[in-house]
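Chains W and D, in that order, give the protein sequences. If you read the first sequence in our numbering, its first letter stands for residue 1, the second for the next number, and so on. If you read the second sequence in our numbering, its first letter stands for residue 1001, the second for the next number, and so on.
These aren't lab readings, by the way, just hints derived from the structure by calculation. All C-beta atoms in this analysis are idealised placements derived from N, C-alpha and C, irrespective of residue type, glycine included. Heads up, none of these hints are tricks.
So the derived label-pair ranges between C-beta atoms look like this:
#, chain 1, residue 1, chain 2, residue 2, range
1, W, 92, D, 1183, 25 to 35 angstroms
2, D, 1183, W, 96, 17 to 27 angstroms
3, D, 1194, W, 96, 40 to 50 angstroms
4, W, 225, D, 1079, 51 to 61 angstroms
5, D, 1215, W, 330, 37 to 47 angstroms
6, W, 355, D, 1042, 31 to 41 angstroms
Derived coverage of chain W by chain D (criterion: at least 3 residues anywhere in the stretch with Cβ under 8 angstroms from a Cβ of chain D; other residues may be distant):
#, segment
7, 274-286
8, 304-312
9, 372-385
Simulated crosslink set (EDC-like; lysine to aspartate or glutamate; CA at most 20 angstroms straight-line):
#, chain 1, residue 1, chain 2, residue 2
10, W, 276, D, 1138
11, W, 317, W, 327
12, W, 249, D, 1180
13, D, 1137, W, 266
14, W, 87, W, 105
15, W, 301, D, 1204
16, D, 1206, D, 1180
17, W, 137, W, 213
18, D, 1137, D, 1115
19, D, 1042, W, 371
20, W, 262, D, 1115
21, W, 345, W, 264
22, D, 1269, W, 374
23, W, 345, D, 1277
24, W, 263, D, 1115
25, D, 1172, D, 1115
26, W, 301, W, 327
27, W, 262, D, 1138
28, W, 297, W, 328
29, D, 1172, D, 1103
30, W, 378, D, 1277
31, W, 322, W, 299
32, W, 249, D, 1138
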Amino acid sequence: MKYIRYSFFLFIVVLLSIIFVEVTESAQIYGKGCLDCHPALQEKISEEKAHSPVKEGNCISCHNPHTSNHKGLLKNTEETLCYSCHKNDRSGGFSQAVIHAPVKDGKCLNCHNPHSSTNDMLLTQKSGEVCFSCHPKDTLITGKESHPLVKKGECVTCHAPHSSSNEGLMKKRSADLCSSCHKAREKQFINAHSGYPVEESNCSSCHNPHSSDNKSLLKASMHQPMAKRDCTACHNNNDSKSPLMLKNKGVNLCYNCHENIKKDFEKINSHLIGNKNNSCLNCHNPHASDTKFLLDKREEKVCFKCHWDTERRVTAKTSLFKHPKLEDCSSCHMAHGSDNITFLKAKEGESCNIGKCHEQQQIFSHPVGSDIIDPRNKKAMSCITCHNPMGSGFKYNLRLNPDSELCEQCHRF
Amino acid sequence: MKNILKIIIFIFICFFVNLDCFIPPYLFSADINLIASLGGDKQMGRLNQPSSIFFDESKKRLYIADTFNHRLVSYDSDFNYISEFNAGGELSYPMSIVRNSREQFFVVGGTGKNELFFIDIPQKIFSRLEIKNAPAKENPILPGKLAIDKNDTLYIIDKGNGRILVVDSSGKYLREIKVEDKLVDFSDVSVDADGNIYSLSTLEGKVYIFNNKGEVSSSFGKRGNGGQEFEFPVSIAVGKNGFIYVLDQHKRSVLTFKKDGAFQFSFSKNELGELYEPYHVFTDMGNKIYITDRGNNRIQIFQGGK
Chain W
1 MKYIRYSFFL
11 FIVVLLSIIF
21 VEVTESAQIY
31 GKGCLDCHPA
41 LQEKISEEKA
51 HSPVKEGNCI
61 SCHNPHTSNH
71 KGLLKNTEET
81 LCYSCHKNDR
91 SGGFSQAVIH
101 APVKDGKCLN
111 CHNPHSSTND
121 MLLTQKSGEV
131 CFSCHPKDTL
141 ITGKESHPLV
151 KKGECVTCHA
161 PHSSSNEGLM
171 KKRSADLCSS
181 CHKAREKQFI
191 NAHSGYPVEE
201 SNCSSCHNPH
211 SSDNKSLLKA
221 SMHQPMAKRD
231 CTACHNNNDS
241 KSPLMLKNKG
251 VNLCYNCHEN
261 IKKDFEKINS
271 HLIGNKNNSC
281 LNCHNPHASD
291 TKFLLDKREE
301 KVCFKCHWDT
311 ERRVTAKTSL
321 FKHPKLEDCS
331 SCHMAHGSDN
341 ITFLKAKEGE
351 SCNIGKCHEQ
361 QQIFSHPVGS
371 DIIDPRNKKA
381 MSCITCHNPM
391 GSGFKYNLRL
401 NPDSELCEQC
411 HRF
Chain D
1001 MKNILKIIIF
1011 IFICFFVNLD
1021 CFIPPYLFSA
1031 DINLIASLGG
1041 DKQMGRLNQP
1051 SSIFFDESKK
1061 RLYIADTFNH
1071 RLVSYDSDFN
1081 YISEFNAGGE
1091 LSYPMSIVRN
1101 SREQFFVVGG
1111 TGKNELFFID
1121 IPQKIFSRLE
1131 IKNAPAKENP
1141 ILPGKLAIDK
1151 NDTLYIIDKG
1161 NGRILVVDSS
1171 GKYLREIKVE
1181 DKLVDFSDVS
1191 VDADGNIYSL
1201 STLEGKVYIF
1211 NNKGEVSSSF
1221 GKRGNGGQEF
1231 EFPVSIAVGK
1241 NGFIYVLDQH
1251 KRSVLTFKKD
1261 GAFQFSFSKN
1271 ELGELYEPYH
1281 VFTDMGNKIY
1291 ITDRGNNRIQ
1301 IFQGGK
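Please put together the full structure from these sequences, using the hints given.
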């Protein structure tokens, strides 16, 4: 019995020794072993700009040579693998307030080649070309004039590719960034800005930093006083002590000219909110804009800035069927205020037929209107009793499965 | 095997004998029951987008601001309709209502939905209440929801400037409660028996608790899609049991917290369906929770636990 125990112990020791030696050796020869079947990688390894584990032939730092649940026999997800070495980047430079979406999603390979590259920073293409693969050049250069850096694809002169503390992944505040090339003290600059000291202002409030049809890359539509160079409509004179100071406080400044808008806010649901500045500036740019109604951004972006839970819902993968032009929020909703539920332009029952969008459905459909009462909540039935225009998992934007549960809500058999 | 069996039996007993203390609170929806649903009847007509509720403890009366019917409606404590008031047709779009110990009402409404009214029914007074000497801010005062404390001090949400104005019954400005250096849009206010003030910033998704001097004593919450996070919180109430009830309009539910921000439970869907565009939550001393289910033109009343 004693003999068997000793033999077993000896067997275990020998087995462990063999395994240890094999693992050590295999770690050293894996690189070579891998290249036997992947000769194309040999060239990459010899390139100067190769990822350090590749240079070292340490393929198994990222790949499992036998099996994997991940594409490319990767040992883990792209995100986990990259950040296992680049952890300082993740907790440091990559974690500022504004994070580039691929960085946030751990999609490093959208921009970088994990093996080697002829480009700096292991980029898959030349710097600008990488950016243009997701942000096509023709969507940035939309006008006759364009910024020379955009033309050259030198995006990283102004933008931080991973994360930044500034909006739009800008490397610095707009004023600081622009003034590194555009000298604000020069006479031509001062004259162009009607003598106002704008060097500390946000340049992209009036200029499109990428492209425009207008001279000096001014945005497409300008606030009327600005177009007339009548800055004093809102600001003090340029020779006063505080030339940029506004002539009136908050929304009253806007009401001076847009008095008719005041009534739009005097509703049950009003977008006149917040404790900072002029409420109008929550959505509008007072100088110039590339979008309608001098909106600060594209309409849906303005709305989703506050209603990001709605954005999450309408962009959810489960939201298979969506109302067309869902991004055009003001087709159905009032932007300033409304007496109707959810800021709708019309009452629930009439909302789907504003602009005669669904005129036909008003004629032949399930009966709706004040005589047709939903037995669940005793309300008059309307289109949105059964349809969810913001998106649903069922055809025709139906709220529930029409083949099993929708009709049975009221028509119980 | 025996141990696993024991654990299963223990969990089974916990669920069926209701030993709450052994089970994380978020597994339970507590003992919240729907006890009434007020939508109107043939006598009074149907409610139309009711916005606000106030329960008068001394009179045991429930008052509803029936916004689109331009009236205030009263019910007894058994939720039987008593009467309605519209100031001879002068009251329009009442959106928020409170009543002081002298049985005088304060109502936000008017055609511009931006006026504060003082109503004394026995004295037949219906007048606009001016807020006197409030510090001027960027935007004009835009009164929103109201709250009142045991000393009849009135708390008014100033939507236009994201602050809470504190005034007495004559409209005399006493102080303002605000949070500076960031965008805060206070959307509701509630006061407890100790004079602590509870408010809610919808866009931040944050509950602010102020002491009776108006200083921030704590805050909690954030927006997100987690079960304990807010999507679009619009109203807040603090119960006698110390629970803080936050009405989330987009989640269509009420999330309940302790004062330290510890999530307790949430409740929403019931045998009468979901809430739709709910606007206001209110609690009384009997721990009844009232919700204006505005999109469904009704008031849902729940009995809360101890």
